[in-house]
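Colleague: Take a look at the letters that make up each chain.
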Amino acid sequence: MHIDARELDNGSVIEGDICIIGAGASGISIALDWENTPYKVILLEGGGFEYDDKVQELLNGKITGHPYYPMKASRLHYFGGATGHWGGMCSTFDDIDFKNRDWVENSGWPIKREDIAAFYPKAHEILDLGPYEWDVKYWKKEDPSFVSLPLDENVIWDKMWHFSPPTRFGSKYKDAIVNAKNIHLYTYANVVDIDAVENVTAINQVVVKNYANKQHTVKAKYFVMACCSIQNSRLLLACNKQAPKGIGNDNDLVGRYFMEHLEIKTGELWLNHKDSLKLYQQGNKNRVRAELAISEKMQESLKVLNSTISLIPLDIADKMQPAVKLYAYDDPRKSSDTLSKYSNWYNLSKKSFFERHFMSTDQNQAFSLYTRAEQLPNPNSRVVLSDEKDALGVPRANLNWALTPIDKKTVYTINHLLGEQVGVAGIGRIKLKDWLIDETDKQLPDFTSGGWHHLGTTRMSENPKTGVVDANCKVHGINNLYIAGSSCFATGGSVNPTLTVVAISLRLSSYLKERMAI
Amino acid sequence: MKRRLFIATTSIAAIGLPVAYYFKKNIGKGDPLTTADMLSHFCDARTLKDIGLAYLKLVPSENEKQKLTDILLLNKEGKKLKPSDESAIEELIAKKIHEDFLTQQTLVLNQWVISVTEARQCALFSFIQ
Numbered sequence: 001m002h003i004d005a006r007e008l009d010n011g012s013v014i015e016g017d018i019c020i021i022g023a024g025a026s027g028i029s030i031a032l033d034w035e036n037t038p039y040k041v042i043l044l045e046g047g048g049f050e051y052d053d054k055v056q057e058l059l060n061g062k063i064t065g066h067p068y069y070p071m072k073a074s075r076l077h078y079f080g081g082a083t084g085h086w087g088g089m090c091s092t093f094d095d096i097d098f099k100n101r102d103w104v105e106n107s108g109w110p111i112k113r114e115d116i117a118a119f120y121p122k123a124h125e126i127l128d129l130g131p132y133e134w135d136v137k138y139w140k141k142e143d144p145s146f147v148s149l150p151l152d153e154n155v156i157w158d159k160m161w162h163f164s165p166p167t168r169f170g171s172k173y174k175d176a177i178v179n180a181k182n183i184h185l186y187t188y189a190n191v192v193d194i195d196a197v198e199n200v201t202a203i204n205q206v207v208v209k210n211y212a213n214k215q216h217t218v219k220a221k222y223f224v225m226a227c228c229s230i231q232n233s234r235l236l237l238a239c240n241k242q243a244p245k246g247i248g249n250d251n252d253l254v255g256r257y258f259m260e261h262l263e264i265k266t267g268e269l270w271l272n273h274k275d276s277l278k279l280y281q282q283g284n285k286n287r288v289r290a291e292l293a294i295s296e297k298m299q300e301s302l303k304v305l306n307s308t309i310s311l312i313p314l315d316i317a318d319k320m321q322p323a324v325k326l327y328a329y330d331d332p333r334k335s336s337d338t339l340s341k342y343s344n345w346y347n348l349s350k351k352s353f354f355e356r357h358f359m360s361t362d363q364n365q366a367f368s369l370y371t372r373a374e375q376l377p378n379p380n381s382r383v384v385l386s387d388e389k390d391a392l393g394v395p396r397a398n399l400n401w402a403l404t405p406i407d408k409k410t411v412y413t414i415n416h417l418l419g420e421q422v423g424v425a426g427i428g429r430i431k432l433k434d435w436l437i438d439e440t441d442k443q444l445p446d447f448t449s450g451g452w453h454h455l456g457t458t459r460m461s462e463n464p465k466t467g468v469v470d471a472n473c474k475v476h477g478i479n480n481l482y483i484a485g486s487s488c489f490a491t492g493g494s495v496n497p498t499l500t501v502v503a504i505s506l507r508l509s510s511y512l513k514e515r516m517a518i
Numbered sequence: 519m520k521r522r523l524f525i526a527t528t529s530i531a532a533i534g535l536p537v538a539y540y541f542k543k544n545i546g547k548g549d550p551l552t553t554a555d556m557l558s559h560f561c562d563a564r565t566l567k568d569i570g571l572a573y574l575k576l577v578p579s580e581n582e583k584q585k586l587t588d589i590l591l592l593n594k595e596g597k598k599l600k601p602s603d604e605s606a607i608e609e610l611i612a613k614k615i616h617e618d619f620l621t622q623q624t625l626v627l628n629q630w631v632i633s634v635t636e637a638r639q640c641a642l643f644s645f646i647q
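Chains as they are written, first to last, in our numbering: chain A, 1 to 518; chain B, 519 to 647.
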């Protein structure tokens, strides 16, 4: 069922069993998981079904620290959320990503990979990925032209990725949500306040507003915040009339540990022969590819974070520009256009008539190394409230994206290791970028891009002094408030998060179903 | 006349340019002591010389032609190969390079991740250039 909150009588009271705030990948996945249950699901979306610049403007804020994408443009504020412009790249987290690593400050989740892994297959299905197969051996059997580089897998291994079409939740799941009898989708319902009971141990209701000057309240047994890392923490911090530091923020952790994936061209692989390296390229019929990943053992012995390298034919990579420079407009539509023109692999790999007919070959001698690395969870990398308020009266969020020396060390280390492995294999040599080998500069350069992956800010920990939510994604000290998605990540791993976002949301959904049944 | 000149010019350019490019990019197979074989696939003589000079700057104690030659000719057993035995030297250098990469005896010089043995070859190359 769909209700436009602008059309309701002002001051309406909406009631349900569970209220999900935010209709992106996480919120929609949870809502659909409750379809055909006896429970009334309220799904709140701040925008409508299409892009609306006035609604998008509500996300605006300032950036400090390392250069980042404009706040207004890095998420989409309408039904389907950021899946409206995501690229579809998916991979799973590794065992090590959940472990407490003594060389990685603030690492360790209160859950293990297997706790999430049980939900990966369903997430796989939701994201329209192919067979649930992540072992490179399976894919080499499927396509014998997939050949691994002859590297020691104890050092550098082939990590598989799947490519979603990409699934646009806004179009794919609209009918299912709107037609579900027990799911009540409210569009133009921006949550602007959260009312808790007197001692702030539970949430009574949330207040929603829109540009039509309508204000309503939503009451439920359970509330799930699923509006992405920046907006989740913004809302918790802004709701400070009952809890002066903000809801769930007794220990000054909300908004902290904002993480991204560090993406940057770091060097070149030169082979002593021409090769397509098809296993490592996008665009094959199976919609999978491998990236070169640093092993758990090497991360531990060299004391670095997780990371991977993708191999892009040099002629294509040379035309690519850093995403952070291209995605610079406040209007996400304009930024997306520029980005796909100068950074999208498919567009750049299109060949001219002459190239197709007279130079047609998939064989290359040189490949660009495109590194994707985990970021250290850093308390100074954070979301804070601005003095400025948006049109609905909520303080805007400012982001200070702060990197640390181990981030650069990690990027250098995997590239240098690959250089040694390529040398051992006798297949070529690696050439590194100048800035990467400059030992006097411990920071990554300004043109290091993020992957539009907002992670952390309400991190998971069993201890309220080190995390905002517990192992079940429940906000510490508040009985009925939960947070879904990448906001809860204690560390970010090195792979794109959507698959894990959906999996962790389904895990939360499953837990809440059990609780509801009690 | 003009047409003939055009054909002659374009023919020379068509044949000449790739040949010139080939010789610029590849220094060819030379003395195994001074030719870093793998690197010479990707680097021109100028770059190989620069790598060699960078190595000598980093390890000034080896800034001597004879010293570098002796180190390169020394096998695992401590025996020095004869400079005239090219195939044995080629085999020895290949082994040393492989061993260097296995044991992390590597350097990053002029942006290339190379083995110490390759760096010494380049250093020796810089003396003869």
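Just so you know, these hints were derived from the structure itself, not from any lab.
It is possible that part of the hints are untrue.
Here are the simulated DSSO-like pairs of lysine-lysine, each with C-alpha atoms no more than 30 Å apart in a straight line [to be verified]:
#, chain 1, residue 1, chain 2, residue 2
1, B, Lys613, A, Lys433
2, A, Lys433, B, Lys598
3, A, Lys297, B, Lys613
4, A, Lys265, B, Lys567
5, A, Lys409, B, Lys575
Colleague: Please go over all the hints and tell whether each is borne out by the structure.
Modeller: Right, here's what the structure says about each hint:
The suggested pairing of Lys613 of chain B with Lys433 of chain A holds, with an alpha-carbon distance near 28 Å, which does not exceed 30 Å. Restraint check for Lys433 of chain A and Lys598 of chain B: not satisfied, since their Cα atoms lie roughly 37 Å apart, outside the 30 Å limit. The straight-line distance between the Cα atoms of Lys297 of chain A and Lys613 of chain B is roughly 27 Å, inside the 30 Å bound, and the hint therefore holds. Of the supplied pair hints, the one linking Lys265 of chain A and Lys567 of chain B holds, its CA atoms being roughly 27 Å apart against a limit of 30 Å.
For the hint pairing Lys409 of chain A with Lys575 of chain B, the CA-to-CA distance comes to about 25 Å; that is within 30 Å, so the pair holds.
Violated hints amount to a single one, hint 2; each of the other numbered hints is respected by the structure.
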